[in-house]
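Asker: Listed below are the residues making up each chain.
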Amino acid sequence: MTHRQVFSPLRLTARALSVGRGETVLGRDIALGVASGGGLLLRGANGAGKSTLLLTLAGLLAPLEGDVLIEGLDEDFGPARHYCGHRNAVRPRLTVGETLDFWAAINGASGLSTAEALEKVGIARLGGVDAGYLSAGQQRRLALARLLVSARPVWLLDEPTAALDAEGHRLLAALLRDHLASGGLAVIATHDDIVVDGFETFTLGVAA
Amino acid sequence: MIELGQHAQFIIWAYVGVFAGLLALVSWTLLDARRTQRRLEALGDPRRDGKS
Amino acid sequence: MSGFLAVLRRELRLALRGGGEVLTLLLFFVIVGAIVPFAVGPDKALLARIAPGIVWIAAFLSMLLGLDRLFRPDGEDGTLSLYRLADLPLVAVVAAKVIAHWLTAALPLIVASPFLALLLAMDGETLLRTIVSLLLGTPALAAFGGIGAAVTVATRRGGLIAPILIAPLCVPVLIFGVGAISPLGGPDQASAAMLFLAALSLMALALSPFAAALAIDWGED
Amino acid sequence: MSIETSPKQSWWNRLAHPGQFVIWTRPFILPLAILTAVLLALGVWFAFFNSPADYQMGDTVRIMYVHVPTAWLSQFVYATMAVSALGTLVWRHPMADVSMKAAAPLGAAFTAMALFTGALWGRPTWGTFWEWDGRMTSTLVMLFIYLGIVALWRAFDDQLRAARVVAIFTLVGAVNIPIIKFSVDWWSTLHQPSSVFRADGPTMPGSILTPLFIMFFAFTFLFATLQLLAMHTEVKRRRVMTLERRAARGEAA
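Heads up: the sequence lines are chains A, B, C and D, in that order. Counting along the first sequence from 1, when you hit position 204 you're at 204 in the working numbering, and nothing is skipped either side. Counting along the second sequence from 1, when you hit position 46 you're at 254 in the working numbering, and nothing is skipped either side. Counting along the third sequence from 1, when you hit position 177 you're at 437 in the working numbering, and nothing is skipped either side. Counting along the fourth sequence from 1, when you hit position 163 you're at 644 in the working numbering, and nothing is skipped either side.
Since the hints were made in silico from the structure, they are not lab data. We treat Cβ as the ideally placed atom computed from N, Cα and C, and that holds for glycine. Don't take every hint at face value.
Chain C side only, calculated, beta carbon under 8 Å to chain A, not exhaustive [said to hold, decoys possible]:
#1 Arg273
#2 Leu274
#3 Thr339
#4 Arg344
#5 Asp383
Now the stretches of chain C that chain D is said to cover, found in silico as 3 or more residues with beta-carbon under 8 Å [what the hints assert, rightly or not]:
#6 428-439
#7 475-481
Input sequences plus hints: build the corresponding full structure.
Answerer: Right, dumping it as C-alpha cells:
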C-alpha cells in the first residue's frame, strides 16, 4: 500500500444553512455534519439544489444564511477542500501528464505522484496523450486523479460516476475507501449507489 | 424675448436641447416606474407595495 | 513561486500550441498597420508623421482582441472555480495570466514592429523610440485588459464588452505612448511622456491583479 | 426576506432594507420635484430676462448656465456611484447596489448634455462644434466610461452578482479618471499651445453668478429626484424578478 498521509481528525458541519443563487433560495435550514472517516450521499430530485449545496460546502458559493465550518483543521494546512464538479476542468491541448503536474504545482504535490495517480484511476498508459483525445469517461478519471495528486481531507464530488463504466465505479469505490481510511471525509451528490461503508444518506427535498 | 445677439440660434438650441433631454429623462424614469409598478401588481405582490 | 511559474508555463504552452492565437494576433497587428496607407494614401511624408500613432493603435487593438482567451476558457471548463480553491492565491494566478498575456500578445508585436515601420516609412530613430515606448506601455494595456477580462468573465456575452470597458482606461497609455515617440513637444516632453508611461505601467501592473482577482471571486460567487 | 424586528433599528440599517427604504424616502419625492421645477423656472427666467450679456462672451454666456451644471453633474454622479460602489464592497449595503445602478444612466445622460451644450457654446467661441480641448475631451472619455458601465450592468443576468463586479470596475474607473484628465490636459497643451478662454473663472460678476447658482441647484435637485425615483423602480424591478423566478419554479411566493 503506498504510504498515505493520515489527516488530523476533523469534522465538516453546516448549521442552519440556506443555500441558493442570487434571490432564489434552494435549500433552507440545512444542518449536516460529516466526521473524519465518514461520508455523506446527497440525494434529491433534479433542481433540488444538490449542486448548489455542494458548491456552498466547497466555499465556492456564499451561503445565504448560516455557515459551513471545518472543525479540527490546523491553520497552516492551507485549503482543505477538493471540489470536483460536472465540468472536468480539462484543457484538450494539454497532455494528461501536464494537466496533473499543473494541478500538483498549484495545489501542492502532497499526494501521489502523477504516475501513481494515473495508475490508481486506470489511465496510466495515456500519460503522454493530449487530453482532447480522451473519452468522457477517461476525462472523468483524469478529474478524479487530480484529487489524488494533492492530499486534502475534504472531498466534495458532484456526480463523480457520470460517464464512468463499471470498472470506473469500482475504481471510485476503492479511491473512496482509501480516502476514508486515511482519515478524510467525502460528500457526494449522486443518483448512483456508492457501495462504500461509512456513508450515510441525506435527502434534499424541494425548498422546505 | 430680449435681444440675444448674433449667436441667438446657438443659445436657443442649447436650451431646447437640454430641456428636451431633461424631459426625455424625466418621462423615461416615470414611465419605467409605472411599468414596473404595474408588473408588480400583475404578479400579485404578497407584500403590499414593497413593504416587507 | 512554483505555482506561479506553473500557471505561466501552462498559459504560454496553451498559447504557443496549435490553437493558440499568437500568430493570429500578430497578423492582425500587421494587417491593421498595413491597411492604413490604403485608406489615407501612400504619401510617405504623411505616413511618416502618423506612423507612431498607427503602430500604437494597431498594438492596442490586437491586445484587445486577445483579451477573450484570458479567463473565459477557464471559466467555461471549470478551471476558474478550482483556481479559487487552489493553494496559490487567485491574485498570483491572475498576475501570471496577465504576464503570459503580455508575453504572447505584446512581445510578438514589438518584434514585428520594424516590419510595420518599413511599410509606414518610419525612420530608424523613430522606430527605436517606438519599440521602447511599446515596451514600456504595453504592460499597462495587458494589466487593464486583465481587469476588463475578469470583470466580464461572469457575463454571457462579455467578450464584446471588455474592449469597450477598458478602452477609456487605456487613453492615457495611448497619449503618453505616442507622446513619447513623436518629438512634437521637443525632447523634454518626449522623455517626460516616457516616464509617465513607465509609471502608468507599473501602477497598472501592481493594482490590476487585485482588482481582477476580486472581480473573478465575486463574479463566480 | 423576513424582517428581524430587532428592538432598536438604527437609522443606518433601517435604510438598508429595500422595502423600508422605499417607504422612508417616498414622501421626499414630491417636494423635491416641486422644488426642482421652481428652481428650473426661476433659473431660466434669470438666464434670459434678468442677466446682462457678458462683456467678453456676449450673449453666449447664457449657454454656460446649462453647460456648467451638466458638466458638474457628470462628475458628481460618478462620485455618487463611486461612494455607492464602496458601500457595496465594504458594507455590503443592499441599497448601495441599487443607487449605483440607478445613477449610471443618469450620469450618462447628463454627460451627453454637457457635451451637447459644450459643442453649442464652442461654435460661436471657437468657430467649430467640436474642439479637442482638454476639458471637452475628458468629458467625452467620461461618457464612454458611463456607457461602458451601463453596458456592463446589462450584460449580467443575476443583478446581485453584477453589483459587486460593477462596483469594482466603478472604483477602478474612479482611480483612473484623474489620470485620464491629467493625460488629456497634457496632450491638449502639447498639440494646441493656445490656452482656451477660461469661462468659469471666479472673476464672474454677481449678476452672472445668480442664474448660475440657481441652475446649479436646480440640476442637482433634479438628479436627486430622478435618482430616488430610479432607485424605487430598481427595488420594485428586483421584486418582480424574484416573483417571476419563483412563479416559474411553480412555488407559492
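Asker: Checking each numbered hint in turn, tell me which of them this model violates, lowest number first.
Answerer: As far as the earlier hints go, only 5 is violated by this structure.
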